[in-house]
Amino acid sequence: MAQVTKEDVLRVARLARLTLDEQDAEAMTAHFTKVLAYIEKLTVLPTDDIEPATHAVTVAAPLRADCVTNAPDPALLQTALAKDDTFFKVPKIIE
Amino acid sequence: MDLSQLTISEASQLLRRREIRARELTQSVLARIETSDPLLHTYLTVCAEEALAQAAAAEQHLQTPETASPLCGVPIAIKDVILTKGVRSTAGSRMLADFVPPYDATVIQRLKDAGAIIIGKVNCDEFAMGSSTENSAFFPSRNPWDLTRVPGGSSGGSATAVAADQSLASLGTDTGGSIRLPAAFCGVTGLKPTYGRVSRYGVVAYASSLDQVGPVTKDVRDCALLLQTIAGHDPKDSTSVNLPVPDYQATLTHGVQGLRVGVPKEYFVEGMQPEVEEAVRTGIAALTALGVAPVSISLPHTEYAVAAYYIIATAEASSNLARYDGVRYGHRAAQSDGLVAMYEQTRAEGFGSEVKRRILLGTYVLSAGYYDAYYLKAQKVRTLIRQDFLQAFQECDVIATPVAPTTAFAIGERTTDPLTMYLSDIFTIAVNLAGLPGLSVPCGFDHQGLPIGLQLIGKPFDEATLLRTAYSYEHCTTWHKRKPTL
Chain A
2 MAQVTKEDVL RVARLARLTL DEQDAEAMTA HFTKVLAYIE KLTVLPTDDI
52 EPATHAVTVA APLRADCVTN APDPALLQTA LAKDDTFFKV PKIIE
Chain B
37 MDLSQLTISE ASQLLRRREI RARELTQSVL ARIETSDPLL HTYLTVCAEE
87 ALAQAAAAEQ HLQTPETASP LCGVPIAIKD VILTKGVRST AGSRMLADFV
137 PPYDATVIQR LKDAGAIIIG KVNCDEFAMG SSTENSAFFP SRNPWDLTRV
187 PGGSSGGSAT AVAADQSLAS LGTDTGGSIR LPAAFCGVTG LKPTYGRVSR
237 YGVVAYASSL DQVGPVTKDV RDCALLLQTI AGHDPKDSTS VNLPVPDYQA
287 TLTHGVQGLR VGVPKEYFVE GMQPEVEEAV RTGIAALTAL GVAPVSISLP
337 HTEYAVAAYY IIATAEASSN LARYDGVRYG HRAAQSDGLV AMYEQTRAEG
387 FGSEVKRRIL LGTYVLSAGY YDAYYLKAQK VRTLIRQDFL QAFQECDVIA
437 TPVAPTTAFA IGERTTDPLT MYLSDIFTIA VNLAGLPGLS VPCGFDHQGL
487 PIGLQLIGKP FDEATLLRTA YSYEHCTTWH KRKPTL
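Protein sequences appear in the order of chains A and B.
For the first sequence, position 30 matches number 31 in my numbering, and the numbering has no gaps at all.
For the second sequence, position 30 matches number 66 in my numbering, and the numbering has no gaps at all.
Please keep in mind that the hints were generated in silico from the structure rather than gathered at the bench.
Check each hint, because a few of them may be wrong.
What the hints assert, rightly or not - For the chain A half of the interface with chain B, some residues (derived, Cβ under 10 Å), not all of them: (1) Arg15; (2) Glu27; (3) Met29; (4) Phe33; (5) Ala57; (6) Val69; (7) Pro73.
Given the structure is predicted, the values throughout are model-derived calculations rather than measurements.
All C-beta atoms, glycine included, are put in the ideal place defined by N, C-alpha and C.
Please put together the full structure from these sequences, using the hints given.
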């Protein structure tokens with residue numbers, strides 16, 4: 002059975018950009034342990050010669066002419082949480 | 037006559053014959069919402085003003101009834117993961133609580149082009165992650181047949197709205213059973229089309245290789261009508277398939293004589309509610325009496341579907357939901373120290389528990405050292421599950437199963453154990469993994485008066501046979517005509 006520690010969960014939370022408090026981390030560790038134990042059932046299936054399926058329906062990637070089809074839409078900025086002129090504004094990232 | 041009780045096809049005839057007006061139909065539905073929603077908690081946003089304006093526009097089209105679409109002037113409810121221009125679209129999440137999209141999803145555009153009326157946005161599990169609508173960040177919806185029970189999920193509001201005449205029909209989305217389960221729990225018809233049949237453009241993504249939009253309706257004819265309107269290739273969705281859409285109504289009444297219906301032994305398992313098994317087997321017997329040939333089939337990898345799904349769906353979710361970073365739309369944490377802290381705080385505040393669980397599990401199965409053991413393995417199992425179905429379809433044209441092992445469960449009953457909740461979808465998930473069309477049609481009630489659904493599964497892009505089978509079945513029963521008492 003997969004052993005998951007609180008540290009594993011906190012590492013994954015950092016990767017997923019999610020702050021977890023102590024209580025959430027404990028609960029999530031218990032949940033992970035249970036779900037991963039359930040998922041273990043897949044290991045009994047021999048799949049070495051099986052191709053993985055990324056999609057249920059295989060469609061060739063559609064191609065189109067390499068030209069701009071959508072002009073910048075000012076309406077998209079209406080939903081911005083902070084903006085400056087025609088830019089989305091984020092906290093300072095370079096000192 | 038209470039106009040809110042009409043089906044789409046009934047309303048459409050009356051509208052075209054000018055016996056009723058789109059405005060009075062819309063007002064009747066709005067009145068029904070006003071009286072029933074304090075009990076059911078279906079709607080997140082009611083678009084009364086916009087709906088009445090759309091009704092006025094529909095009236096113009098109905099002046100020339102021969103050119104008006106069958107949906108013209110018909111009020112439709114929309115699951116809140118589907119974007120509606122100028123109307124708040126929350127996906128059931130605090131993250132998008134105030135999000136007003138600047139564009140329409142393709143399915144909404146198609147409804148509007150047909151003259152349908154968007155009556156409002158209905159509740160769902162947050163980001164469509166759940167089986168009961170209890171994961172909505174706003175409130176749980178209630179089952180109109182028993183207010184202490186869940187309507188199913190994640191499209192719980194879509195099913196409740198239709199079952200309780202709070203709309204004539206609705207759109208839902210289905211990633212692992214999210215249309216079929218609530219349709220079964222609420223006693224209405226719900227269809228998940230073949231993956232690629234309906235555009236996903238403008239639909240809030242949960243698991244992109246599994247998500248599909250589909251209709252929830254009062255009967256099978258309405259299901260065909262609504263699918264006809266929303267189906268078809270969309271250049272804005274690269275996974276939408278460029279195949280002609282058949283005329284579903286034209287073949288609806290062709291009967292089922294000679295059709296082979298597969299009955300998989302793996303879908304009648306120990307522990308399922310006996311009344312569900314009995315109703316489904318009686319439903320299959322009714323189909324047999326209509327001329328179908330029942331065939332025993334096997335889908336041997338069925339028991340691995342839920343495990344494969346919770347790897348694939350969470351992996352895709354962890355990637356899809358990375359976009360909620362507090363920059364372009366949605367919630368942003370008020371105070372944070374720097375960009376990364378802003379991301380982390382925004383996401384901690386904006387997402388609910390189940391969404392966090394799935395993002396974290398998805399991140400874990402994709403992370404270095406685990407990818408092959410979990411994600412690649414699950415993709416291979418997905419191949420096996422799809423092969424099971426394709427093999428079975430050598431011997432049959434349609435597959436009949438239960439939608440769920442039980443009828444609607446009590447509110448709160450499964451919230452403390454997410455894994456038990458996941459197993460509610462045990463009979464629906466494989467259909468998404470295989471990308472097939474699946475439909476739930478009412479087939480009975482248990483001793484507590486709760487509806488039971490019969491699931492019909494079709495070959496890829498063969499919704500026509502699925503609808504024809506369901507229509508034939510429906511016409512020899514009266515389950516779909518029963519109404520809950522509120």
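Against the structure, the hints:
no., hint, in the structure
1, Arg15, "holds, 8 Å"
2, Glu27, "violated, 13 Å"
3, Met29, "holds, 6 Å"
4, Phe33, "holds, 7 Å"
5, Ala57, "holds, 2 Å"
6, Val69, "violated, 15 Å"
7, Pro73, "violated, 12 Å"
Violated hints, listed in ascending order, are 2, 6 and 7; each of the other numbered hints is respected by the structure.
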